[in-house]
Amino acid sequence: MKRKISLRINGKPYTDEVEPRLLLIHYLREVAGLTGPHIGCETSICGACTVMLQGRAVKSCTMFAVQADGREIVTIEGLAANGALDPVQQAFWNEHGLQCGFCTPGMIMATKQLLQDNPSPTDLEIRHGLEGNLCRCTGYQHIVNAVKAAAGKAGA
Amino acid sequence: MIPQAFDYSAPQSLEEALGLLASGDRKILAGGMSLIPMMKLRLAAPAEVVDLGRIAGLDGITEAGGFVHIGAMATHHTVETSPAVRASCPLLAETASHIGDVQVRNMGTLGGSIAHADPAADYPAALLALEAEIRVVSAHSDRTVNAADFFLDAFTTALEPGEIVLEVRLPVEQSSEGYGYEKVAHPASGFAVVGVAVRITREHGRIIMARIGVTGMGPHAFRARAAERLLEEGAAPERAAAVVGEGEEANSDLYASADYRRHLARIHARRALAVALSRAS
Ligand SMILES: Cc1cc2nc3c(=O)[nH]c(=O)nc-3n(C[C@H](O)[C@H](O)[C@H](O)COP(=O)(O)OP(=O)(O)OC[C@H]3O[C@@H](n4cnc5c(N)ncnc54)[C@H](O)[C@@H]3O)c2cc1C
Ligand code: FES
Ligand code: FES
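Chains Z and F, in that order, are what the protein sequence lines are.
All residue numbers for the first sequence refer to our numbering, where the first residue is 49 and numbers rise by one.
All residue numbers for the second sequence refer to our numbering, where the first residue is 629 and numbers rise by one.
Honestly, I wouldn't trust all of these hints.
As the list claims (entries may be wrong) - With a Cα cut of at most 27 Å, we get these calculated DSS-like pairs of lysine-lysine:
hint: 1; chain 1: F; residue 1: K668; chain 2: Z; residue 2: K196
hint: 2; chain 1: Z; residue 1: K50; chain 2: Z; residue 2: K60
hint: 3; chain 1: Z; residue 1: K196; chain 2: F; residue 2: K655
hint: 4; chain 1: F; residue 1: K655; chain 2: Z; residue 2: K52
hint: 5; chain 1: F; residue 1: K655; chain 2: F; residue 2: K668
hint: 6; chain 1: Z; residue 1: K60; chain 2: F; residue 2: K655
In case anyone wonders, no lab produced these hints; they're calculated from the structure.
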């Protein structure tokens with residue numbers, strides 16, 4: 049039986065009727081039309097689907113949309129404000145923290161969470177904080193550099 | 629990766645939830661970090677999912693009467709970062725920090741992890757070493773089970789149909805105690821191939837209390853009681869660690885044979901003991 053859910057995504061209200069088995073990632077991409085969060089593995093491993101739920105990073109392929117009823121979600125689309133990239137987005141751009149870009153929306157959301165918890169992380173803390181996000185292209189070093197740059201610690 | 633269709637309920641109170649769970653093909657949803665992957669693979673296909681996420685107060689952490697009480701719905705992240713847990717049960721906070729990745733720790737819960745009882749889960753080792761008590765309730769019962777009697781087999785616990793884990797009670801660790809958790813993380817899944825949690829108290833240079841919990845090695849987590857006894861009788865840590873896992877069944881898979889797992893349990897018991905001894909005052 050379908051259920052009605054009401055939630056806020058990137059500050060905007062959404063109300064929809066959904067099947068309980070609808071995964072949040074499918075709701076975001078196919079119902080709300082937000083294709084920034086990607087589907088990589090769909091098995092809770094790669095982190096490409098990472099979004100913020102109540103301010104904490106979660107894998108939206110491992111959550112039902114009904115669990116988000118009444119909650120606040122931020123996707124990669126919600127970061128840039130007034131045409132200016134978020135500092136984390138800008139740092140990934142400047143430091144070549146991406147190649148194909150497939151993992152990037154998840155990497156950036158996980159980085160938002162990492163810097164919120166620990167504003168000046170070490171290399172090791174960055175790697176630990178991004179353990180739930182896989183990248184097939186960059187070899188991670190440029191991602192670590194981007195996170196350091198975003199933390200205002202480039203070259204440190 | 630779409631689960632079979634199911635009905636969903638999100639009770640607002642514990643009574644309502646227990647009433648629902650008293651009958652029918654219903655499964656609890658906590659953090660969903662084990663249940664949802666299983667439902668996606670259709671290894672689980674409950675007719676109804678009962679989400680505990682809307683019941684206020686199931687995730688509280690309080691300290692009273694020499695015990696820390698942690699609500700079943702406390703997330704791994706909450707356990708890892710809670711000032712009360714870090715101060716009074718640092719072994720548990722340290723263990724939580726080893727679970728999965730940050731996204732998993734943000735959703736996964738203490739109650740869900742122990743109810744699921746994955747043989748490779750991290751928490752059971754710490755709960756055994758901490759001699760935790762697990763409060764379990766149903767619509768018509770309320771009982772407490774010692775951690776040592778809770779983990780019965782792979783994915784099998786002492787929970788009866790209709791029962792849920794309500795909270796975990798842990799005796800406050802003495803500040804003079806040393807503790808350590810050493811884990812071999814599976815390179816792909818991050819779960820414990822083997823994990824050993826240790827607590828030690830020393831007096832005048834002698835070990836007077838030792839507790840060792842081992843996860844990952846066998847079908848369920850266990851206490852290494854023979855090694856504990858040797859330590860308390862004055863044996864060197866290397867000698868005690870060498871008997872860890874003796875007489876216990878060991879799992880075998882493509883990544884690690886039973887003999888190798890037993891070997892890892894001993895090596896990591898030794899390492900965890902070294903860390904615990906360096907922290908004990
Ligand atoms: C990518 C990934 C990596 C992981 N890595 C690790 C790791 O390294 N170490 C580790 O230990 N775990 C790991 N996990 C598992 C994780 O810790 C889960 O959070 C945990 O096993 C289940 O907790 P949950 O709250 O998500 O429970 P759910 O998935 O919601 O439920 C699990 C089971 O327990 C039952 N249940 C839930 N709550 C209760 C309750 N209060 N009372 C009775 N029954 C209940 C449910 O009905 C279900 O059968 C990983 C998971 C993922 C997805
Ligand atoms: S798509 Fe969600 S973790 Fe890979
Ligand atoms: S940039 Fe291609 S997967 Fe990360």
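Requested in this report: Would you check the hint for Z:K60 and F:K655, treating anything up to 27 Å between C-alpha atoms as holding?
Outcome: Between Z:K60 and F:K655 the Cα gap is close to 33 Å, so the pair fails against 27 Å, i.e. violated.
Query raised in the report: Regarding the pair Z:K50 and Z:K60, is the alpha-carbon distance no greater than 27 Å?
Result: Measuring from Cα to Cα gives roughly 22 Å; hence the hint holds.
Query raised in the report: CA of F:K655 to CA of Z:K52, is that 27 Å or under?
Result: Distance ~21 Å between F:K655 and Z:K52 Cα, so the pair holds.
Query raised in the report: Between F:K668 and Z:K196, does the CA-CA distance stay at or below 27 Å?
Result: Judged against 27 Å, a Cα distance of about 36 Å means the pair is violated.
Query raised in the report: Does F:K655 lie within 27 Å of Z:K196 when you go C-alpha to C-alpha?
Result: Cα-Cα ~43 Å, so violated.
Query raised in the report: Hey, F:K655 versus F:K668, does the alpha-carbon distance stay inside 27 Å?
Result: holds (15 Å)
Violated hints, in rising order: 1, 3, 6; the structure is consistent with all others.
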